[in-house]
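There are 2 protein chains.
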Amino acid sequence: MDYETPQFFRVMQYAARADRDVVDMVSGNPDWDPPEGLRDGLRDYAEAEPTEFQYPPSVGLRELREEIAARRDVAVERVIVTNGAGEANHLAMTGGLDHFDGDEVLLADPVYPYYAGRANFLGATTRFVPVDDDGRLDPAAVRAAASEETSVLVVNSPNNPTGAVYDADAMAEFAAIAEANDALLVSDEVYDHFDYSGRFGSALEADSPNVVATNSFSKSLAITGFRVGYAVFPPEGGPNGDLLERARTRHMLTNVAGSRPAQCAVSRALKTTSPEYYADCRRRLERRIDRFCGALDEAGAEFNRPDGGFYVMARFPDFPGSFENVYELIDEAGVGGMPGEAFGDSRADWIRFALVTPRVDEAAERLADFFG
Amino acid sequence: MDYETPQFFRVMQYAARADRDVVDMVSGNPDWDPPEGLRDGLRDYAEAEPTEFQYPPSVGLRELREEIAARRDVAVERVIVTNGAGEANHLAMTGGLDHFDGDEVLLADPVYPYYAGRANFLGATTRFVPVDDDGRLDPAAVRAAASEETSVLVVNSPNNPTGAVYDADAMAEFAAIAEANDALLVSDEVYDHFDYSGRFGSALEADSPNVVATNSFSKSLAITGFRVGYAVFPPEGGPNGDLLERARTRHMLTNVAGSRPAQCAVSRALKTTSPEYYADCRRRLERRIDRFCGALDEAGAEFNRPDGGFYVMARFPDFPGSFENVYELIDEAGVGGMPGEAFGDSRADWIRFALVTPRVDEAAERLADFFG
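Sequence lines, in order, name chains A and B. Per the UniProt record's numbering, residue 1 is the first one in the first sequence, and the count goes up by one each step. Per the UniProt record's numbering, residue 1 is the first one in the second sequence, and the count goes up by one each step.
With the rest of the complex left out, here is chain A (with noise of 0.2 Å):
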């Protein structure tokens, strides 16, 4: 399988060309307002002394890692600040992969295509797991693919792109698969704060040596572009122990440490952001989620309607999720989505819509009116 970007691109581009205008659903990018004391810790950081414009530590800022850890309720030892949730996910599944026996990546289908392309890219083999027809992995089904094979498993919720949220008793029943076959889960949990059921649970509550959450503010904050994550490694001295280390000269390495005004920023917003923002995104996006998924109604759809997250995939009667569709649907309909082959085979007939726009209303009309 491809890795997403350059597919969101051949969609991007084909809409930026189309003679029409074009309601963008395809990639994830929010489109609200980040909280003031976001800018303001920009500004404040333009006016900073010379010595603010030098190396954060390589683990991150002290100040955010305290901060994240609080959150977290873990030990600020364990939190290493990374180059978003991409980097944060890269340190996971190659510890993982370095650390456990096996070679072998269990992931969702559909899935996420950046962890199939780094597994791919990393020389791992994949193993796919299909979701149920509610859109969610089966604990018993994870449990039976898994293997002495396998070293990492990924499990991200509120999915991308199902729209699935895991209870903290589906995360426990998958750390312990990862710990019955010698593997690391790699929970990503970016939309955490977009869970609309309530019954979002962290990995990090199976208190696992077998479990390493990623996580970032690209989308908590609305700042996909600032590169601002974070992974939450088991503890040093308990079992799997090691990694910590490993993943922190891994990040010394590659990255030697983060962007320094990104972190102030995220810094300063994480103390000053009420619970309201986070409240008010929920809301704007349950409120498209409506709207949208009532078209889909309308339009005849099977879809299911997403427990969190920023995404709904729908399957339209004869009209699979082609990319041959998804130009049609650009070019007829004036909505862009993403073709369901790019998120693997167990989806390829649906399509997965991004409800990152202010116009979700339109685009709701127009599918109506396209299949109606």
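No lab work stands behind these hints, which were simulated from the structure alone. Warning: the hint list may mix true and false statements.
Stated by the list, open to error - Simulated pairs of lysine to any residue, SDA-like, Cα-Cα distance not exceeding 25 Å:
no.	chain 1	residue 1	chain 2	residue 2
1	A	Lys271	B	Thr51
2	B	Lys271	A	Ala46
3	B	Lys271	A	Arg43
4	A	Lys271	A	Pro57
5	A	Lys271	B	Tyr55
6	A	Lys271	B	Asp44
7	B	Lys271	A	Pro57
8	B	Lys271	A	Glu52
9	A	Lys271	B	Pro50
10	A	Lys271	B	Ala48
Fit chain B to the known structure of chain A by using the hints.
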């Protein structure tokens, strides 16, 4: 060999805990102001639209790449903007090791320890070529050491730690050695704005398909913490043309993209900073070099007056540059340097001093007193 930062930390922590005032000449962070255009870039970015807070292109903001390409006189497609020179060197070294036969990385001794640390981490073998009495790599010695086992040759000019500067002819010889041995010359040119000899030549002038030039704005704009660097790869379609695509993929799967606030600020600074800023920075360093080398003469030390960069290495009579002696220098003279042994064997008796402090005069007096 251990990589640099933990060893830096050991010395910096010792200096911080000392009972007396210590002039810190341990690490290479510029102590002067960035150009005003950089701050203007940050100020404007703080007020930008939300879309400007989202992912930049993975290979870097287009306007920044174009500015770099124009300055280096290369096609813009050859430029990947990286998370500092650290990631640029990482992409180049991993690319060379993947692409060429052999698993050996050829390095100067003394060496910037990140090169050796990265080679070790990647499972490569390292071979060291001692510099000559002037602190320079003799191309003949490099040619004698290179073999079919060599896949990467790393050269750093102006050099950390010796201050050597290689001209275009020497660079062409290093490139020819890489070509003759089917290997990659990685030319780290981060101190290129700090050439006091007027002889610096970029490896790009050799116009060889076996060259990757790496650089960053950390030193030239005094922003080591921003993490904006770049690598220039051989053109696609020519010999070794697939190095570029492989590096783009590795960059995307490791970091997704670099940090946009930092890239925006650098882009503005490049467009608005006059040559006088860079000339002032050079003059500041040259004054410091004059004074410091004068004191080294008084102290009876052996040293090479640097042709470029931030550092002076010196050997004092009966005072080899061990960690023990460096600690004594901190306690007794109030001057912190880096032990030569941190950089390899050939100058293990020497001490490296970074001239990035306004207190160079004071340090010079203290050293002259201590050894006088």
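Status of the hints after comparison with the structure:
1. Lys271/A - Thr51/B: Given pair lysine 271/A, threonine 51/B holds - Cα atoms ~23 Å apart, limit 25 Å.
2. Lys271/B - Ala46/A: 18 Å, holds
3. Lys271/B - Arg43/A: 21 Å, holds
4. Lys271/A - Pro57/A: 20 Å, holds
5. Lys271/A - Tyr55/B: With a Cα-Cα distance of about 24 Å, the restraint between lysine 271/A and tyrosine 55/B holds, given a limit of 25 Å.
6. Lys271/A - Asp44/B: 23 Å, holds
7. Lys271/B - Pro57/A: 29 Å, violated
8. Lys271/B - Glu52/A: 23 Å, holds
9. Lys271/A - Pro50/B: 20 Å, holds
10. Lys271/A - Ala48/B: Satisfied, since the Cα-Cα distance of roughly 21 Å is no more than 25 Å.
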